[in-house]
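**Student:** Assembling the complex is the task here: the two chains are given apart, and the hints tell you how they should meet.
Taken in sequence, the protein lines are chains A and B.
Its first residue numbered 2, the first sequence is counted upward by one per residue in our numbering.
Its first residue numbered 130, the second sequence is counted upward by one per residue in our numbering.
What the hints contain is simulated information worked out from the structure, not anything from laboratory work.
Computed from a prediction, not measured in an experiment: that's the story for all the values here.
There could be a bad hint or two in this list.
[As the list claims (entries may be wrong)] Sample of chain A residues facing chain B (criterion: CB under 10 Å; computed from the structure):
1) Ala74
2) Leu75
3) Pro76
4) Phe78
5) Ala79
6) Lys83
7) Leu207
8) Asn211
9) Ala226
10) Lys227
11) Pro230
12) Asp352
13) Leu396
14) Glu398
15) Gly476
16) His497
Heads up, the beta-carbon is just placed ideally off N, CA and C, and yes, glycines get one too.
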Amino acid sequence: MSDHHHEPIRPYIPEFDALKKGWDRRSFLTKTSLGLGAVALGTLLGKSLFGNQLGQLAAGQSPENLEAEILRALPHFAPKAKRVVYLFMSGGPSQFETFDYKPKLVDMFGQPLPDSVRQGQRLTGMSGSQSILPIVPSIFKFNKHGQSQTWVSELLPYTAEVIDELCVLKSIHSEAINHDPAITFFQTGNQLPGRPSIGSWISYGLGTDNENLPSFIVLVSKNAAKDQPLYARLWGNGFLASEHQGVQFREGKDPVLFLDNPEGYDGADRKEMLDYLSQLNKMQNEVNADPEVEARIAQYEMAYRMQTSVPEVMNISDEPEEVFEMYGPDSKDPGTYAANCILARKLLEKDVKFVQLYHQGWDHHGGLPGGMKQQCKATDQPTAALIKDLKRRGLLEDTLVIWGGEFGRTVYSQGKLLPDNYGRDHHPRCFTMWMAGAGVKPGISYGETDDFSYNVIKDPVHVHDFQATLMHLMGIDHERFTYKFEGRRFRLTDVHGKVVRDILS
Amino acid sequence: MMLLDITTFFGRLHPLLVHLPIGFLLMAVLFEILSYFRKYQYLHAAVSFILLMGFIAAIAAGTCGFILSLTGDYDLVNLNNHKIAGILVAIISGLLYLFTTSRAKKLIPINRKVFSSFFILLFVLLSFTGHQGGNLTHGNNYLSLKTLQQREQKKPTSVDEALLFEDIVQPLLLMRCAQCHREGKMKGELSLETLAGMLKGGKSRPAIVGGKLHESELYERITLDPTNEKFMPTDGKTPLTKGEIAIIKWWIEKGMAMDGKKIADIKNAEEIKPRVAAYLGLGSIGDGGEMTANSGIEINQDIPQNINSALVDSLRKAGVQVRVMQHKPVMLDVTLPSGMGNQLPAIRVNLKAIAKNVIWLNLSNNGLTEKELEFLPLMTNLEKLRLEKNPVTDGISNQLAGLQHLEAVNLNETKITKAGLEKIKQLPNLKRIYSWQTLAE
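So that you can see chain B by itself, here it is in the shape it has in the complex (with noise of 0.2 Å):
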C-alpha cells in the first residue's frame, strides 16, 4: 500500500477551498444589500441558505488552512491575524445563519437594518482575511500603496554608472535584512528599508555611521561569530557572504555611508570593483570559492558545472568506480579497480565524455602503458593522478605537458627514469611526485 502524507495533501487544497466561502459570502452580502430594492426583493429568500453554504465552506477552507499553516513556513504575524480573521469570518457567517432560521428570529427577534449592518461587518473582516492571506503567499508589498509610487529601477550596465548606495547596498540589504527590519515589523525597533532609517538605528545605537566602521551596529552584527546570539541574520537565515561584507565595509569606510553617488565618482575605487562586478553579475570575475564562503576552497572556474549522469551510470555498470566530490561544478573522482585494465577500449569513449569532470583518477595495477592513456591530456583540470604499478615509460610526460592543474601524480613502480620526472617536474602547479622503487630513484 502505498501510504502518502494526507495532512499535507489537504493542506495544500486551503488554497482552492479558499475561494469558496469568498464567493459564497460576497454573493450573501451583495443579495442582502440588493433585496433593499424592489426589483431584487425576491432575492432575500436566499440569502439564508447561501450564509449556511458560506459558512460550510468557511469551516472547509479553515480547517484545511490550519493544517497547512503546521507547515510552518509562514510569517507569524501575518498568519495569526489571518487566521484569526478567518476564524472570525466563520463564525460571523454561522450566526448570520443562525438568525436567519425561523426559530431564531422568534426567540430574538432583530432589527433588519441592524442585521444588514452585521453584512458589512462580515465584508469588511472577509476582505481583511483575503488580503492577510495574500500577504502569506505573495509577500507583504505585492498590493500595498507603495506599489503606486514605486518607479522602476534600471540595472546598473556597468560598475562605474553604477550607485553605491541605491544600485547595490540597499538592494543587498533589503533582501538580506528587510524581511524583519522593515516598516511594519520594525524588529529591534530598526528599519533597513531606507538610508533614514539605517542613520537613525534601533534601540541601542545608530545601524551607520558615515567612515566611522566600529560604531556601525549593523557591521558589528553581521560580522560576529555565528555562533554569537546577537549574530545578523539571526534564525538561521542565509547570512551574508564575505563579498557582500566587503562592499558594505566599503561603503561604510571610503563611501562615508551616503547615497546617491556613483562609484566612478568615489575615489580610490578600484579595489571594490571586483567585488561589485561580482555581486551585479557583471564582467567575467566570478565569485570563485570566497564567495560561497562555506569551504573556503578556491574553486577552478573550467570545471563544467554539470554532467550527463547516463555516462557516469554506464562507467559504473562497466564496473569503474565514479565517486562525486562536489556536486557544483561537478568534480569527479574515477577509479578503475586494479586488475581491469583490459576493459580500458569499452569505457574509453565515455571516459573521453567526462574528461573535464575528472579530478582525481586511479589506474593503478592495471598493466597499462602510455599508449593506452592517450586519453589524459583532456583531463585538463586533473589535479591527482595515480598511475603506480603500470608499465609506463618517460612518454607518459608528453600526455601530462598540458595538464595545468595537476597537483600530484603517483608513478611508483613504474618504468619511469629522472629524464621523465625532470620533465613532469615543469608542470606549473605540480607539488609531489612519487617515485619509489622506480628506475630514478
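Chain A extracted, bound-state conformation (with noise of 0.2 Å):
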C-alpha cells in the first residue's frame, strides 16, 4: 500500500499555534491571576518537584477533579437492575381505558364535571372554550385479573395474563400538559430542552457491560400513526459527551445509519485508516482539548465494532417459530412494535444497559375508542410476550421494565360526546404506569386517584419521583449524580425527586 502510516508525524500547521495562543478571557484570568510568574512557576513546581501531589491539593477545585470523584462513587450502594427497558407509550395512553378502573362514572354519563373535583385548574387550550365538560366512563369493560385481583381492562387481555409481574403506579403525576415540554420533561427532568435524557445519564455514570454495542439503543415503532412528533433530543446527550447519546436502530436494510462500508469497498484496512484517524484526532485534541473530539473518536471506535455487532443482533433467523408467536402476528414485519420488542430482549441478553422503545399514536382526542383499541392490540400482546421472555430467561431478574407515556387523558369528553365515540384531553394530574423487574414489587397497585381519575388521593409520584426511583434500582443516589456546566451543578431531578420506597423488594 502507498500510505506513509509508519512514518512519523510532523506537524507543522500554523493555524494550530494561533489556537494555542486563543486563551479566551476566563481562562486567561484564572490562569494569570497572579501573574505569568507564577504560571511559569507553578508548571515547574507542578512538572518536576511536586509531581502528582500538587495535582492532589487541587482535588474537589477543578472541574475535571470534581467529575473524576463524581463518577468514582458510583454505584452508590447495589443496585438491584442492571438493564433497564423503557416502554415509552408517547401521545398519552388514558388510563381509563387501560389500568384506572372508575365504575362510578357510568352513572354520570354525559354530566358536566363537578367543579369541585376541577378546582379551576387549567385545561388546555383545544377543551378550555368547551361549554360543557361532559363525563364520559370507558365504553371498554374491566375485570380482575391475577393473584393480585388487579382491575385490568378488555383491552389488555395479554397484559392481564402477566398482571402479577407488574406494578402498576396510579398515581403519577406530571406538570406540563402539552406534548413537547410533557416528554421533555419525562425523559430528561426538565420541560426545556438541552438536559440528557435519562439513558444518557445512566451510560455516562454506569458506562458499558459490553463494548461491542452502545449502552443506550433508542427503537422507534414503525406501525403507529405519527400524530405527535418524535424528536432525538429526547434521546440526546445535553451536555454531557456525545458518546452518551442514544443510537437509534432503524428498521430495514441499514440498522444504524452510515455503519456499513461503502459500495465497493471491501473494508480490509478499515481498521489501520480509523488507527491513523484516531492518531491524527488525538494530535489536535493537544492542542484544543475539545472534549467533541474524544467523543468522535470513541464513536469511530464503536462504530468499527458495531460493523459487527450490529448485523448479528439483527439476524432474527435463529429465533424459534414459537417466539414469533407469541409476540403476535407484527413479529415478523421489522420496524413494529412487536419486532422491536424481540430486538429489546434480544439487546437486553447481550447487556445493553439502556433500551429505550417509542411507540406513538396515543393522543386521542376524538376517535378515542377506535384508536384504543388499535393501539392495544399493536402492543398489548407483544408487551406481555416481552415481560414472559425475559421471566422465562431469568432476566427479569436484573432487568427493569417501565411502560408508561408522558401524561394521562381527562375524565371529560373533548369534542362531541356519543354513546360510542368519543375523545379525552391531555391530562398531567394523574395517570397510569408500570414497572415490572429487577428491585420493584411484582403484582401491587400503588397510588389512587379520586372516583374521576381527576386528582391524586394517596401516595402521588412526581415525574421527579419516579426518575429518583429509576436512578435508586441502578445503584444511583440521584442527588448525588450531578454534572457540572455553564457554572452549576446538574442532576436528573434538577432539587426534587425523591425514592418511592414503597415500591421497592
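**Tutor:** Structure (C-alpha cells):
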C-alpha cells in the first residue's frame, strides 16, 4: 500500500499555533490571576518538584477532578437492576381505558364535570372553551386478573395475563400539559430542551457492560400513527459527552445509519485507517482539548465494532417459530413494535444497559374507542410477551421494565360525546404507568386517584420521584449524581425527587 | 503544559506566611517599649524598618488569606472577625510606619507616648486576629478557658455501665447539633451543650420535654421530611441516622430526658441496648444497612470490606467483566463473556482470590461442566448465579449446597433434572430457580 502511516507525523500547522494562544478571557484571568511568573513557577513546581501531589492538593477544585470524584463514587449502593427497558407510549395513553377502573362514572355519563373536582385547574386550549365538560366512562369493560385481583381493561388481555409481575403506579403526575414539554420533562427531568436524557445519564454514570454495542439504544415503532413527533433530543446527551447519546436502530437494510462500508470498498484496511484517523484526532485534541474530539474518536471505534455486532444482533433467523407466535403476528415485520420487543430482548441479553422503545399514536382527542383498540392491539401482546420472555430466561431478575406515556387523559369528553364515540384531552394531574422486574414489588398497585381519576388522593408519584426511583434501582443516589456545566451542577431530578421506597422489593 | 490551580496553591500559603507579620510586628512592639530603657535606646532606630517589614508581610499574608477564604469552608462569623481584624492590623502597622518617616513627623508631630500607646492597640489587635485564625483552623474550643475545667470522660466499657445522657445522648448532640446550637453561636437562640439548655429550649419552645416526645421540638425537627425547610440539621449537614434518632427517642420517652442514669438502672432497657452498642461501637452487633440509612438494604456482614484491586485489574485484562456493585463492602458482579469458557484455567486462581466479594456471577453459554466449577463453593456470599446454556448436570447441586445467601440461580438450557432441582431448592435463601428448556420441565 502506498500510505505513509508508518512514518512519524511531523505536524507543521501554523493555524494550530494560533489556537494554542487563543485563550479566552476567563481562562486567561484564572490562570494568570497572580501573574505569568506564577504560571511559570506553578508549571515548574508541578512538573518537577511535587509531581502528582500538587494535583491532589487541588482535588475537588478543578472541574476535571470533581467529575472524576463523582464518577468514582458510583454506584452509591448495590443496584438491583443491571439493565432497563423503557416502553414509552408517546402521546399520552388514557388511564381510563387501561388500568384506572372508575365504575362510578357509568352513572354520570354525559353529566358536566363538577367544579369541586376540577377546582379551577387549567385545561388546554383545545377543550378549555367547551361549553360543557361531559363525563365519559370507559366504553370498555374491566375484569379482575391474577392473584393480586387487579382491574385490567378488556383491551389488554395479554398484559392481564402477566399482571402479577407488574407494579402498577396509578398516581403518577406531571407538570406539563402539552406533548413537547411533557415528554421532554419525562425523558430529561426538565421541560425545556437541552438536558441529558435518562439513558444518557445512566450511560455516563455507569458505563457499558458490552464494548461492542452502545449502552443506550433507541427503537421507534413504524406501525404507529405519527400524530405527535419524536425527535432525537429525547434521547440526546445534552451537555454530557456525545458518546452517551442514544443510538437509534432503524428497520430495514441499515439499522444504524452510516455504519456500512461504502459500495465497492471491501473494508480490509478499515482498521488501519481508523487507527491513523484517531492518531490525527488525538494530535488535534492535544492542541485544543475539545471533548467533542474525544467523543468522535470513541464513536468511530464503537462504529467499527458495531459493523460486526449489529448485524449479529439484528439477525432474527435463529429465533424459533414459537417466539414469533408469542410476540404476535407483527413480530416478523422488522420495525414494528412487536419486532422491536424481540430486538429489545436480544439487546438486553447482550447486556445493553438502557433500551428505549417508543410507540406513538396515543393522542386520542377524538375517536378514542377505535384508536385505543388499535393501539392496544399493536402493543398489548408484544409487551406481555417481552415480560414472559424475560422472565423465563431469568432476565427479569436484573432487568427493569417500564411502561408509560408522558401524561394521562381527562375524565370528560373532548368534542362531541356519542354513546360509542368520544375523545379525551391531555391530563397531567394523574395517570398510570407500570414497572416490573428487578427490585420492584410484583403484583401490587400503588397510589390512588379520586372517583374521576382527576386528582391523586393517595401516594402521589411525581415524574421526578419516578426518575429518582429508576436511578435508585440502578444503584445511583439521584442527589449525588451531578454534572457541572456552565458553572452549576445539574442532576436529572433538578432539586426534586424522592425515591418511592414502598414499591421496592 | 500543566495548568495548576494557582489560586488554591497561593491560598494555602496563608498559614505559612501569616507568622511573618506576627513575628515582625511583635518585635516592633517589643523594640518600641524596650527603647524606653536607656540600655536599649538604640533599638528605637530599628522600629521603623521592622514596621515596614511587618506591613508588607501583613499585606502578603492577608492577600493569601483572602484567596483561601474563597474556598468557603469556614465558619462565617469567625472568618469575618479574622478578616476585619487582619485588615486592621495591616492598616495600623502601615499607618504607624508612615508616622515614623521624617516627612510625616514634620507634618503631624505626635507625642512619643501617645505614639507608643498605639503599639499596645496593635498588640491587642494582633492577638485577637491570631486567636480568631487559630479558632478557624482548630475549632472554637481549642484554646479556651473551658479547656481548664474539662475533665477527661472515660469511654464506657459496657452498655450497662454507660450513662444514658452523659455517655450517649450528650456526645451525640454535641457532634451533630452543637456546631450551631452552642454558647456563642446560639442559632435559633438554642444551645444544646447542656441539659439545662435543652430544657430551656430556643425561640419557640423547649427542645426537650421529658416523657413527651411530641412536645419536644428537637425530636420533631430531626424526624421531619429532609426536604422540609424546618428539618434539622439544616444546610446539608449530615442528618442523624435511624439508630441515633431511636436513641434520642428512647431517652425522651423512657429515660424521661434525665441525666446521671445508667442504662442498667432504667426499666425495660433491653430494646435500646443493641442501638447503644452499635453507637458506642461495643459488642458484635453491626449497624448493618440500617445505620447507613442511605440504601435501606440490609447488607451481608461477611462480605469483605476491601479487595486487592490488582486482582480485579488482571481479571479485567483477561477479558472478564468485573462490575463494582458497591464500594463498601466490595460487592462484585462478575461475567465471563460467552464463548470464553476455555479461558477459565487461566483466571481460576484470581477468581478464587476474590471469591468472597462475588455477589452476582454470570457464566452463561461457556460450555462449562460442574467439574470446572469447583470454585463455586468458595463464593459463599453469592446471591445471583447464571449458569444457563452450559452442560452442567445434577452434580452442580453439591457445589451450590453451601451457598447460604444464594437467591436466584439460572439453569435454563442445562442438563439439570428434577432430582437436581429438588436438592437446590433446599437452599435456605433461594427464592427463584430457572429451568426452562431442561429435562426438569
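**Student:** For every hint, state whether the structure bears it out.
**Tutor:** Taking the hints in turn, this is what the structure says about them:
1. Ala74: Status holds, d = 7 Å.
2. Leu75: holds, 9 Å
3. Pro76: Because about 6 Å separates A:Pro76 from the closest Cβ in chain B, which is inside the 10 Å limit, the hint holds.
4. Phe78: Holds, about 4 Å.
5. Ala79: Since the shortest Cβ distance to chain B is 4 Å, the answer is holds.
6. Lys83: holds, 7 Å
7. Leu207: At 8 Å from the nearest chain B Cβ, A:Leu207 passes the 10 Å test, so the hint holds.
8. Asn211: holds, 9 Å
9. Ala226: violated, 37 Å
10. Lys227: A:Lys227 check fails; min Cβ-Cβ to chain B is 38 Å, beyond 10 Å.
11. Pro230: violated, 35 Å
12. Asp352: holds, 7 Å
13. Leu396: holds, 9 Å
14. Glu398: holds, 5 Å
15. Gly476: holds, 7 Å
16. His497: Constraint on A:His497 satisfied, holds at 8 Å.
The structure fails hints 9, 10 and 11 (numbered hints given earlier, in ascending order).
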